[in-house]
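Chains A and B supply the protein sequences, listed in that same order. Read in order, the letters of the first sequence are residues 1 to 275 in this note's numbering. Read in order, the letters of the second sequence are residues 1001 to 1273 in this note's numbering.
Just so you know, these hints were derived from the structure itself, not from any lab. All of these numbers come straight from a predicted model, not from anything done at the bench. Where hints are given, some of them may not hold.
As the list claims (entries may be wrong) - As a list, the in silico DSS-like pairs of lysine-lysine whose alpha-carbon atoms are at most 30 Å apart:
#1 A:108 with B:1265
#2 B:1265 with A:47
#3 A:63 with A:215
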Amino acid sequence: MSRIERFLPRRHLTPVSPNTMPAQDNAPVSLGIDEAPAIAVEDLCKKYRSHWAVDDVNFNVPKGWTVGLLGGNGAGKTTTIAMIMGLVVPSFGRAIVLGHDMATERHKVLSRMNFESPYVALPGRLTVRQNLTVFGRLYGVANLKARIEELIEDFELGDVLDRVTGRLSAGQKTRVAVAKALINDPDVLLLDEPTASLDPDRAEWVRSRLRAYQKRRGATILLSSHNMTEVEQLCDFVVIMSRGRVVAMGRPGELAERFKCRDLDEVFIYLARVA
Amino acid sequence: MPAARVDAMTQSLNRIAAMTARYYYILRSSWLRLLEIIYWPAMQMLVWGFLYTYLYQSKSAMASTAGLLLGAVLLWDVLFRGQLGFTFTFLEEIWSRNLANLMMSPLQPFELAASLMLMSLIRLVIGTLPVTLLTLLLFGFNVYAMGPGVIAFFFNLVLTSWAIGLVVAGLVIRQGLGAESLAYSIMIVLLPLCCVYYPVEALPAWLHPVAWSLTPTYVFEGMRAVLLDGTFRTDLMIEGLALNAVYLGLGFATFVALLQSARHKGGLLTMGE
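With these hints in hand, go ahead and build the complete structure from the sequences.
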């Protein structure tokens, strides 16, 4: 068994509580939490023609946790997230969110979820206010005006509120997109590289807002990112993918220790080269 | 009715209203867009209107059919612009890379379809109403002189345009922007078969069943009955309406099936990239 294979827990894994000791190197991560996970990914596979984009992926995200989904380009992160969102139907396996299979019952849970992705944009010809209003109404947000006011304050959108979204800077667009992702106070938030287009200062600012939201709402966040500092700061647990498979998972510090690396950056590079 | 059901219906109507507002915001954001909606029908009407005037004044055998020509052009435009309004409004979501945002929201496919239909109707009214008045003003052809039948013609054609629009939107979701050109071209297939400018009898006998399977045929035959015989053929309108109900149902089922197929194929998240 290779060094990597030893860290390939195979079935229905839930990370242990951050307060417990990490699992042994050669043992699957044990169930440490009784409550049903917010997100359960079971034997998830996606095949495009002859290519397995996602191949037998298993992990759980407990309620109230922030979990990072890492991997190089083409590792299968976006396809995994798309299956968790129900935008892509798995070839095999299931993605369950708040107890509902996203392939067949997604309409029951969509009002409690939201997401942000660089692949998706808000309508560029609408103003920020119009976009927030439209999405607030789509999500059936009660007291929408008050909620928009909160978001304007939280994300400092006052000066761009009546500007056309398509003409904002990349950083401003990201702030608006994250504000849209929080408009319905989601229980489950999926973020695909949320700070990719931001300078370090703004990126830290957005991270602080996400941390504040997570703390206030007790929301579950699944985050995909290439920024290891971000992952170390935000995530309780990390799942690393390569070529469609999970090659490692654990707490950020624990992974560095396990792979005898200084930090998550080194773990990422090591796994990208070996896996 | 149970309170939960009333609540679900209210939320559903709210989502349709939100989407319609979204499309209305786009429309009012640019006067050029508004102008474009009127521009093409107006230009087309000018060309055919001058031909109508020429034929009418020529005292030839064609003179008596000049009104038919103009009526057909106006009604064909309702069908064509109705479908374009539906499909182009949908394409806005693809062009702006917003489809995944909508698919991830609680918006149901029928709510999206309903908002597209409403917007198609709004665009149609903006585009055709001034043109019908222009026709009356410039060429003295009053389409409303056909009486209340005009409303039946209009709605039958609009229903057909929505059914086709649903299929085109579904194909764009399934195949991506490669299917975009269908938005412009698909209606042309109907043009020779649904007998816009000539009666069904003008077609070879083997094409008659095909023509009668197309709902616009009922409208154009009905229009000719009004203009040539002065009679409104209720039977044709009811048959057309019944057929339209079937086609609209099939159109929506196709839209949902293609959406589902796109979820299997993948690519909804990156649609428009």
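Verification of the hints:
| no. | hint | result |
| --- | --- | --- |
| 1 | A:108 with B:1265 | holds, 23 Å |
| 2 | B:1265 with A:47 | holds, 9 Å |
| 3 | A:63 with A:215 | holds, 12 Å |
In the structure shown, no violation is registered for any of the earlier numbered hints.
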